[in-house]
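**Q** To convert a position in the sequence shown, counted from 1, into my numbering, add 708.
Read the hints as simulated data drawn from the structure, not as lab findings.
Treat the hints loosely; a few may be bogus.
Stated by the list, open to error - Lysine-lysine pairs mimicking DSS-like chemistry, simulated, CA-CA at most 25 Å apart: (1) 899 <-> 1024; (2) 856 <-> 810; (3) 870 <-> 810; (4) 870 <-> 799; (5) 799 <-> 890; (6) 834 <-> 1024; (7) 899 <-> 834; (8) 856 <-> 799; (9) 834 <-> 856.
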Amino acid sequence: MVKAKKSATAVERRAEELDTIAAVLPIERRDELAQLLTDQDVETLRHLVNQGMGDNTLRALTSDLAYLEAWGLAATRHSLPWPAPEALLLKFVAHHLWDPEKRAADPAHGMPADVDENLRNQGFLKSTGPHAPATVRRRLANWSTLTKWRGFDSAFASPALKSAIRLAVRAVPRTRGRKSAKAVTGDVLAKLLATCATDSLRDLRDRAILMVAFASGGRRRSEIAGLRREQLSVEAPIPVENGAPLPSLAIHLGRTKTNSGEQDDVVYLTGRPVVALNAWMAAAKIESGSVFRGIGRWGTVSRRPIDPQSINAILKQRAELAGLEPGEFSAHGLRSGYLTEAAIRNIPLLEAMEQSRHRSVQQAAGYYNNVTRRSGRAARML
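Start from the sequences and build out the full structure, keeping to the hints where you can.
**A** Given below as structure tokens:
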């Protein structure tokens, strides 16, 4: 496995500097990032934090930068040059967008075996086969962004690079896969919640995570993991005919993937999700800071928030306990499941979008179409 020779002092210094921007970085990989990133990389990231770049955007930039640095070391035995020459960009495309059939006949086609093994050993490659075109385009776009922030011109807009990507994508058609094979609809959610039936801290936390993530419109895992007590405000109870009023909470989302943070996006929780959330916060004695936290072996609640990937792990674990196939579900299934369930219950699309905060009607309507097209009038013309 190829890694650059860096002094322990330099690595330790970078690790400390990364700590200063820990709130918006995947800091559980701090030591790994300190090994991979250069001093200038870290300075660029700190600059972007000071510029007010969105948390999720910055995490994606950092993740892609770490991948690019690891790939550059494995493929060229050197850290990434800034700016990158056109030949290196073309090499990146050739290593990531390749034809499996041609690879079977020519092992030299695509990513070299030693580069592949290197990246797998470091945990950067997990699936087999070529990358998704969208992933390659995103990494090239982030590479271009980081190059501009360093004050360099780049070859990312070169005709040769655009042509190489277009031809590679055309040569290997891909069917876009779902982020979650199955949506977590109401019936599935009920099975998951049934595995959180005790008053243990872990059950209370996981029940609150599942209910809040779903009921708040299918919030993204990063939004749930990063939720803070200060984002919650108590609202007036909702009157119910012939019943007790339902408790209500507002969640102030702040900056998200689809807004700039200038407007105060708000979603609401009513009834059971509020009860579940309050039960967790009371049991864990959370009065400020991160809402959802790690739980130690002896039941100690951490002060630090859980990692977004932990939301995925929790959902899969609960699916397995419920007798479901965990590989068929992911955290995104809560988001798609919310809109799918809304369609099943005939909730108007725009009303559901107010809660999910989807900006694209076309994207949100896709979940509705999957539910309604088969039984709709358009499919029963004869």
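**Q** Indicate, hint by hint, whether the structure satisfies it.
**A** Evaluation of the provided hints:
1. With a C-alpha separation of about 12 Å, the suggested pair residue 899 and residue 1024 falls inside the 25 Å cut-off, and the hint holds.
2. Of the supplied pair hints, the one linking residue 856 and residue 810 is violated, its CA atoms being roughly 36 Å apart against a limit of 25 Å.
3. Using a Cα cut-off of 25 Å, the hinted pair residue 870 and residue 810 holds, with the two alpha carbons roughly 22 Å apart.
4. This hinted pair checks out: residue 870 and residue 799 have alpha carbons roughly 13 Å apart, not beyond 25 Å.
5. With a C-alpha separation of about 36 Å, the suggested pairing of residue 799 with residue 890 is violated against the 25 Å cut-off.
6. With a C-alpha separation of about 18 Å, the suggested pair residue 834 and residue 1024 falls inside the 25 Å cut-off, and the hint holds.
7. Between residue 899 and residue 834 the CA atoms are separated by roughly 30 Å; this puts the pair beyond 25 Å, and the hint is violated.
8. Restraint check: the Cα-Cα separation between residue 856 and residue 799 comes to about 20 Å, which is no more than 25 Å; the hinted pair holds.
9. Distance check on the hinted pair: residue 834 and residue 856 sit about 30 Å apart at the alpha-carbon level, beyond 25 Å; violated.
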